[in-house]
Amino acid sequence: MIELIPELAELELAIFDLDGVVYRGSQLIPNVDSIIQTLKDNSIDVVFNSNNSTATRKAYVKRLTNMNIQCKREDFYTSASITASEITKLNQNAKIFVIGEIGLKEELKAKGHYIIKHKKEFKLVDYVIVGLDRDFHYKNLAIAQKCILEGNAIFYATNADSTLPSEDGLMPGAGVMVNAVQVCTGHPPKKIFGKPNPFGILSILEDRQLSAEKTCIFGDRLNTDIMAGNRAGIKTIAVMTGVTNKKEINELRKKSQNSDKIDKDLLPDLVLENLNDLFVR
1 MIELIPELAE LELAIFDLDG VVYRGSQLIP NVDSIIQTLK DNSIDVVFNS NNSTATRKAY
61 VKRLTNMNIQ CKREDFYTSA SITASEITKL NQNAKIFVIG EIGLKEELKA KGHYIIKHKK
121 EFKLVDYVIV GLDRDFHYKN LAIAQKCILE GNAIFYATNA DSTLPSEDGL MPGAGVMVNA
181 VQVCTGHPPK KIFGKPNPFG ILSILEDRQL SAEKTCIFGD RLNTDIMAGN RAGIKTIAVM
241 TGVTNKKEIN ELRKKSQNSD KIDKDLLPDL VLENLNDLFV R
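Going by my numbering, 49 is the number at position 49 of the sequence shown; the sequence numbering is gapless.
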């Protein structure tokens, strides 16, 4: 049996963000595959929760399997799958205009929703849903605007990340597309389903039938991963392999001691240089 650090002695469920925690772009972060397998070998349930809505869960399985991480489709809770589940609670057969990629579209279609593609159908659209779209086009922005301002569409977003980590550094995130729709319509999204909102984590706890007290999230982003974990009542662990560094966290802690304006949900319970620090040496 391996020995986890004392703060995680009761751990039964580990939730991993992907970008910046498991990999950066196409590159596995060193040793993460063996760390995840070690947790599984010690009866700790491992799942993945990403704000990136571009890929299907099937594609995520293939990607991680190629990185020597054993997983299945049901282990992934993406902002796309969470959005599709939450939308289905509102309307089981919605007509939706999407700014986003295949991951979001496939999750919505799998739940029985119809994807609207043409401007002439704008009055039929129930929801405009915006996620990361690396082929973001002015034409689609104009259609989204028309659906919201001249039709009856309600604006939702998968997530509002400002950046996306990659092996080449930071890239623009879904927040760029979300802000574009907000600016041209004058309407913010009615709801953002991904992190920092706790919908995904609460879904994981329900699906896995495990308690918040014995669950943790490993994330690299304070304003998404850590905030979502704190809002869901689980232990939060920031790792320094993505967009956040220790200096930023230390400065935030100091500010929070002297100001009520700092949201305490931004502060992790624990900071690790990398996932190797999970274990007692």
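Calculated directly from the structure, the hints in this document are not laboratory data. Since we're looking at a predicted model, the values are computed, not measured. Backbone N, C-alpha and C fix where the C-beta goes; we use that ideal spot for every residue, glycine too. One or more of the hints may lead you astray.
[What the hints assert, rightly or not] Label pairs and their in silico Cβ distance ranges:
#1 Thr38 with Ala59: 22 to 30 angstroms
#2 Asp260 with Thr65: 33 to 41 angstroms
#3 Arg253 with Lys109: 43 to 51 angstroms
#4 Gln257 with Phe279: 25 to 33 angstroms
#5 Thr38 with Leu90: 17 to 25 angstroms
#6 Leu124 with His187: 42 to 50 angstroms
#7 Cys184 with Tyr114: 22 to 30 angstroms
#8 Asp277 with Lys123: 33 to 41 angstroms
#9 Lys191 with Glu12: 23 to 31 angstroms
#10 Leu170 with Asn250: 17 to 25 angstroms
#11 Thr38 with Ser85: 27 to 35 angstroms
[What the hints assert, rightly or not] Listed below are the simulated SDA-like cross-link pairs for lysine to any residue, each with C-alpha atoms no more than 25 angstroms apart in a straight line:
#12 Lys123 with Glu150
#13 Lys105 with Ala59
#14 Lys214 with Leu124
#15 Lys139 with Cys71
#16 Lys247 with Leu267
#17 Lys264 with Val280
#18 Lys190 with Cys71
#19 Lys105 with Lys40
#20 Lys191 with Lys247
#21 Lys119 with Gln145
#22 Lys191 with Asn274
#23 Lys95 with Cys71
#24 Lys214 with Lys261
#25 Lys254 with Asn274
#26 Lys190 with Met240
#27 Lys254 with Gly233
#28 Lys95 with Ser43
#29 Lys246 with Leu28
#30 Lys146 with Cys71
These are the hints, each one checked on the structure:
no., hint, verdict
1, Thr38 with Ala59: 22 to 30 angstroms, "holds (25 angstroms)"
2, Asp260 with Thr65: 33 to 41 angstroms, "violated (47 angstroms)"
3, Arg253 with Lys109: 43 to 51 angstroms, "holds (44 angstroms)"
4, Gln257 with Phe279: 25 to 33 angstroms, "holds (31 angstroms)"
5, Thr38 with Leu90: 17 to 25 angstroms, "violated (41 angstroms)"
6, Leu124 with His187: 42 to 50 angstroms, "violated (19 angstroms)"
7, Cys184 with Tyr114: 22 to 30 angstroms, "holds (24 angstroms)"
8, Asp277 with Lys123: 33 to 41 angstroms, "violated (55 angstroms)"
9, Lys191 with Glu12: 23 to 31 angstroms, "holds (30 angstroms)"
10, Leu170 with Asn250: 17 to 25 angstroms, "holds (21 angstroms)"
11, Thr38 with Ser85: 27 to 35 angstroms, "holds (31 angstroms)"
12, Lys123 with Glu150, "holds (8 angstroms)"
13, Lys105 with Ala59, "holds (14 angstroms)"
14, Lys214 with Leu124, "violated (45 angstroms)"
15, Lys139 with Cys71, "violated (38 angstroms)"
16, Lys247 with Leu267, "holds (13 angstroms)"
17, Lys264 with Val280, "violated (28 angstroms)"
18, Lys190 with Cys71, "violated (33 angstroms)"
19, Lys105 with Lys40, "violated (31 angstroms)"
20, Lys191 with Lys247, "violated (32 angstroms)"
21, Lys119 with Gln145, "holds (10 angstroms)"
22, Lys191 with Asn274, "violated (32 angstroms)"
23, Lys95 with Cys71, "violated (32 angstroms)"
24, Lys214 with Lys261, "violated (30 angstroms)"
25, Lys254 with Asn274, "holds (23 angstroms)"
26, Lys190 with Met240, "violated (32 angstroms)"
27, Lys254 with Gly233, "holds (23 angstroms)"
28, Lys95 with Ser43, "violated (42 angstroms)"
29, Lys246 with Leu28, "holds (22 angstroms)"
30, Lys146 with Cys71, "violated (41 angstroms)"
Comparing the model with each numbered hint stated earlier shows that hints 2, 5, 6, 8, 14, 15, 17, 18, 19, 20, 22, 23, 24, 26, 28 and 30 do not hold.
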